[in-house]
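All chains, full assembly: derive it from the sequences and hints.
6 protein chains.
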Amino acid sequence: MRATVYRKEHFNAAHRLHNPSWDMETNQKVFGKCNNPSYHGHNYELVVKVSGEIDPDTGYVIDMKMLSELIIENVINKFDHKNLNLDVEEFKDLNPTAENIAVVIYNLVRAKLAAQYDLKVLLYETERNFVEYPEAK
Amino acid sequence: MRATVYRKEHFNAAHRLHNPSWDMETNQKVFGKCNNPSYHGHNYELVVKVSGEIDPDTGYVIDMKMLSELIIENVINKFDHKNLNLDVEEFKDLNPTAENIAVVIYNLVRAKLAAQYDLKVLLYETERNFVEYPEAK
Amino acid sequence: MRATVYRKEHFNAAHRLHNPSWDMETNQKVFGKCNNPSYHGHNYELVVKVSGEIDPDTGYVIDMKMLSELIIENVINKFDHKNLNLDVEEFKDLNPTAENIAVVIYNLVRAKLAAQYDLKVLLYETERNFVEYPEAK
Amino acid sequence: MRATVYRKEHFNAAHRLHNPSWDMETNQKVFGKCNNPSYHGHNYELVVKVSGEIDPDTGYVIDMKMLSELIIENVINKFDHKNLNLDVEEFKDLNPTAENIAVVIYNLVRAKLAAQYDLKVLLYETERNFVEYPEAK
Amino acid sequence: MRATVYRKEHFNAAHRLHNPSWDMETNQKVFGKCNNPSYHGHNYELVVKVSGEIDPDTGYVIDMKMLSELIIENVINKFDHKNLNLDVEEFKDLNPTAENIAVVIYNLVRAKLAAQYDLKVLLYETERNFVEYPEAK
Amino acid sequence: MRATVYRKEHFNAAHRLHNPSWDMETNQKVFGKCNNPSYHGHNYELVVKVSGEIDPDTGYVIDMKMLSELIIENVINKFDHKNLNLDVEEFKDLNPTAENIAVVIYNLVRAKLAAQYDLKVLLYETERNFVEYPEAK
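Residue numbers (the numbering used here), protein chains in the order written: chain A, -18 to 118; chain B, -18 to 118; chain C, -18 to 118; chain D, -18 to 118; chain E, -18 to 118; chain F, -18 to 118.
The set of hints was computed from the structure by calculation and includes no laboratory data.
Computed from a prediction, not measured in an experiment: that's the story for all the values here.
Incorrect hints may appear among the rest.
Just so you know, same-sequence chains aren't split out, so a pair can sit in one copy or run between any two.
In silico DSBU-like cross-links for lysine-lysine, where the CA-CA straight-line distance does not exceed 35 Å [what the hints assert, rightly or not]:
no., residue 1, residue 2
1, K73, K46
2, K73, K118
3, K14, K73
4, K(-11), K59
5, K10, K46
6, K30, K73
This is the structure in structure tokens:
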């Protein structure tokens, strides 16, 4: 019996959308006010989806306290109250769009999650803009 | 690297559930208070899901401002502060259930969205009743 | 020891903003798309606030099941899945703005609520537009 | 044309996580404060997902009022304001984790739902911990 | 310049409404399914409102991290994952209605909060039932 | 007949808490991770409360479309996708705590709102931390 469990965490961060290989005008045209050189910020809501067998001894797919700690240690502590562009090495050469942040979080969690589990990441940049990686079916 | 982006918009509309090929009694029995001839209404919350490759230059699956504008121009401007039965031609001969509204919205967005993208539509009629088209996996 | 209890209910209704003593042009100018002659609609969220002494025998300000029934019988059954302009007598000569709906609901509940209680009504027309009557302090 | 409809219901219940084949120390270590012998409780939010063809006569996948009644009769009336461990027979020998509660609800609804429909169950134990059964794709 | 700050915390607990000076029948009649002898439970959402001067040096009414810690140490650690009737001494002779829980929380926070601050407590038992103590104006 | 209307808007901004008359160590001690020199950010939710007479001709306390435009022109356009410390002159010498941001917004709206109206401002920095100015009663 396989099920999916979802754990929600959050972090608050500053960022700026910018492609350094483009000139200022192109960046402004493509990214608009998200290109503001002084940065802006968001309350990011993160939902980590883990699928696997329900363990008959515990009734758990995975211990949610352990999953929460894994996310906090590997993602939240790195991203919370930070400037994604300046403070987080993964974005030194990667534009911190919601899509790319979701991919980075997926990779950080995937590296620590036991191989028996399937993983997906949902990231809410605002209530009205959110992403899922890998893609939803 | 494929991801899914979600954009949420909303519209407020009146509607009435009714099958003109049935008599009043059958309509009343099947649709109950939703059959009220003077109409009732909802705050519809619409979530448009678009799946595709993350563009390495922008970090976007699709520009969310453009997606939002596409939805507003083709769906919201047509439906918002309208009576779906009386004011929206797509429902002249189609019962405006949440399911059918979702199908109509899917077709309106699909016609304008580049073919490379996969599309799904979620429509919340209330917090407790909502639909997805095409069906969820 | 006085406390305030809040009970949330909801109803779905159609309405149209219109002042019959004005011409069409003025109505259109003042009420914009809310003046649509075919109506539009909302999921109204209603919060009824009742203040009074905490009864030492029950630990209740008021029995919330009784308060809920009072609201359902006197407000929800009258308003839900209705056209406020056409189906609800209180709006025959009263424009069903959120403010006026809140006043009407206040009067309907006040007439049935024991005199020992203080009463206020909050009405959410949308998540972003809501009203309180009598005014908030 | 196949779509998915979602119906949300809720129930409030007490529970305790416990494996009777383990000693107290192991239970405490694995389940932590969820193992409290006097129980704790939750406002469970339940979302039932039903997929099927949109009926051309009604515009419905399934009548949501009937789906709601099916859930209330077979799940809510059994679980609401109950102690899951003590009052609900399905958990006499089954640990009432969110995963197992979702499986039990799935089986209760599946037994009553016409075979033509696909079914999934989402159960929110808190806003931050929730599960889906069968697993999400 | 005086302002009000709000801090939201939560706890999950079991409880039962019961007046030991009444017979079983009266308890059943007054408290209905909330009187279930095996208990039921809730996800309680707690909002603590603190009013005072904005400190010109910090720009704070009160340090929210300190307020959060005060609430966690004095309320959440006492109530979370507990049975209010059995595990929390304040309810040994007090019926744990939402109103009485709010009064108890008010007293616990008031005892630790500097006298210069005004205090109010909002407690959400469910999304649809909540209380404020002292009473709202 | 006086009522209160509420209009909700939002903006996304970066900020940093810092008192320039203190040394680095004191700033770090008082403001913790909110003192990060590279900034962090939030999705701010703003609720503007306006109290006044219900106009018998319109049924409005105030035209919500005009209130929304007033807020967007005078607050949102100034704050959205900005760095409050660097881009907004009001915070050149004022620490952008939630309390101070609420005061600044109050002053900006008060200057444009007709004198007959009472005004309050609620600002949500996160779902769990929010402020009201002037203080709640």
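Cross-check of the supplied hints:
{"no.": "1", "hint": "K73 - K46", "result": "both (31 Å within a copy, 25 Å between copies)"}
{"no.": "2", "hint": "K73 - K118", "result": "both (31 Å within a copy, 32 Å between copies)"}
{"no.": "3", "hint": "K14 - K73", "result": "both (21 Å within a copy, 21 Å between copies)"}
{"no.": "4", "hint": "K(-11) - K59", "result": "both (16 Å within a copy, 24 Å between copies)"}
{"no.": "5", "hint": "K10 - K46", "result": "between (44 Å within a copy, 12 Å between copies)"}
{"no.": "6", "hint": "K30 - K73", "result": "both (27 Å within a copy, 29 Å between copies)"}
The structure agrees with every numbered hint stated previously.
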